[in-house]
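All chains, please: the whole structure from these sequences, using the hints.
Protein chains in written order, with the working numbering: chain S, 1 to 180; chain L, 181 to 396.
Since the hints were derived computationally from the structure, they do not count as laboratory data. We put the beta carbon where it would ideally sit given N, CA and C, even for glycine. Misleading hints may appear alongside valid ones.
Said to hold, decoys possible - So the derived label-pair ranges between C-beta atoms look like this:
{"hint": "1", "chain 1": "S", "residue 1": "G117", "chain 2": "L", "residue 2": "L349", "range": "33 to 43 Å"}
{"hint": "2", "chain 1": "L", "residue 1": "D244", "chain 2": "S", "residue 2": "L95", "range": "29 to 39 Å"}
{"hint": "3", "chain 1": "S", "residue 1": "T74", "chain 2": "L", "residue 2": "G316", "range": "38 to 48 Å"}
{"hint": "4", "chain 1": "L", "residue 1": "G213", "chain 2": "S", "residue 2": "N171", "range": "26 to 36 Å"}
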Amino acid sequence: MLQYNKSTRLVVLFAIMFVIVFTACKDDADQGPDANAIYEQEDQNARPAINTVFNATDMDKNNFNTTIPSEQATFASAFETRLLALNPGYTTNALGLDATTFTGILATDVLNVSTTGTTTFFDGTNVLTGRNLMDDVIDVELLLIFGGPDGSVNPGLTSDNVSSNDVAFLNEFPYLGNPH
Amino acid sequence: MKKKQFLVLTIFASIALFGLMSADHIDAPLVAGGQTDITDLYVFQSPNNNDNMVFVGNVQGLMDPASTENAAFDPSMMLEFNIDNNGDNVEDLVIQCLYENNQLWVYGPTAPTMTGTNSRVNVAAMNMSGGITRYGDAPNIIESNGIKAFAGPRDDPFFFDFTRYTEILGGTQTGFANPGNDTFAGTNVLSTVVEVPKELLGGSGTLNVWLESKRK
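Printed below as a string of structure tokens:
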């Protein structure tokens, strides 16, 4: 009887161990993302270089990354101060925007994208309808910050004279060039 | 080679030292240089299909080949493309990308279960998964429901004479060089590319899009 009980206990013990091991393996094999996990925001970006250029302090840079776009208008006045520090002679830019209007638009950091036409940051005709890999976005931003009403002011500051990427883009998905 | 590595290190050290950054590369102290540090967002019509839109989200910039070989997506990260299709700058649709078990998981485009800085994976949404491409391998393209997806190392498509720009801001130069030097030449990023039919994006001609990195 004692012997029988011992065997029974062993069988039960092995059964429990089997269930534990099997369950653990099943969890590993399952691999699906967890529906209950909460993902908390760390970084955010839309138009190129906005946080970099227009937020001056570390605190503002950190806060901007975790402020949702619909609430980013609170950064507009700080952006305007920064714009006028970068270019004290700013009047309007090639888009006809005065400092308050220009920085008001930029403070809400979203990328406007056309679903019906050309998508480009700026191609000479279309403005802010998307962002292509080959778009020279820095020259566009430099021109709008430093170039004045017709783009002719501060000629040494309106282009970095790097107009294309160092690697050719692909014609096929995933379009970005092979890594170095 | 040693000289080149030293040069690259010196450039990176200089960038770190002066707390300088570009596009969104190392833009803020809390994320700078980490696995959730976004470098750039690109959104454009597919060059091969006018009915499709391409979303590109890059993280972990300024990697030389050696660091690229050892780089990995954070398995706790969600990269989320946020899409506002009615002009209020609140996301109506999201494309959620996860990187668990060396797999890319893509959910959506789908209405988010909650908007704002916290997210849950919408596991009920249309989704797909497949292997993350390893450094040196040909791109692994995952396809389902007319959607294509890729995750893995690529050349950083961003270009800028960032070194000169910082010298101008620092007062040691008064203008850009001609020709300029691309500070990002020779560097890689970890890239996620998703191409979706435009008909899944809604709206009436214009979207507002932004990219968020989140961690559980």
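Subject >> Supplied distance hint 33 to 43 Å, evaluated on CB atoms of G117 of chain S and L349 of chain L >> reply: Once the Cβ atoms are compared, 36 Å apart, the range 33 to 43 Å for L349 of chain L and G117 of chain S holds.
Subject >> Supplied distance hint 29 to 39 Å, evaluated on CB atoms of D244 of chain L and L95 of chain S >> reply: Once the Cβ atoms are compared, 38 Å apart, the range 29 to 39 Å for L95 of chain S and D244 of chain L holds.
**OP:** Take the C-beta atom of T74 of chain S and the C-beta atom of G316 of chain L, compute their distance, and say whether it sits inside 38 to 48 Å.
**Re:** Given range 38 to 48 Å: holds, Cβ gap about 46 Å.
**OP:** Could you see if the CB distance from G213 of chain L to N171 of chain S stays within 26 to 36 Å?
**Re:** Since G213 of chain L and N171 of chain S have Cβ atoms about 33 Å apart, the given range 26 to 36 Å holds.
Comparing the model with each earlier hint shows no violations; every hint is respected.
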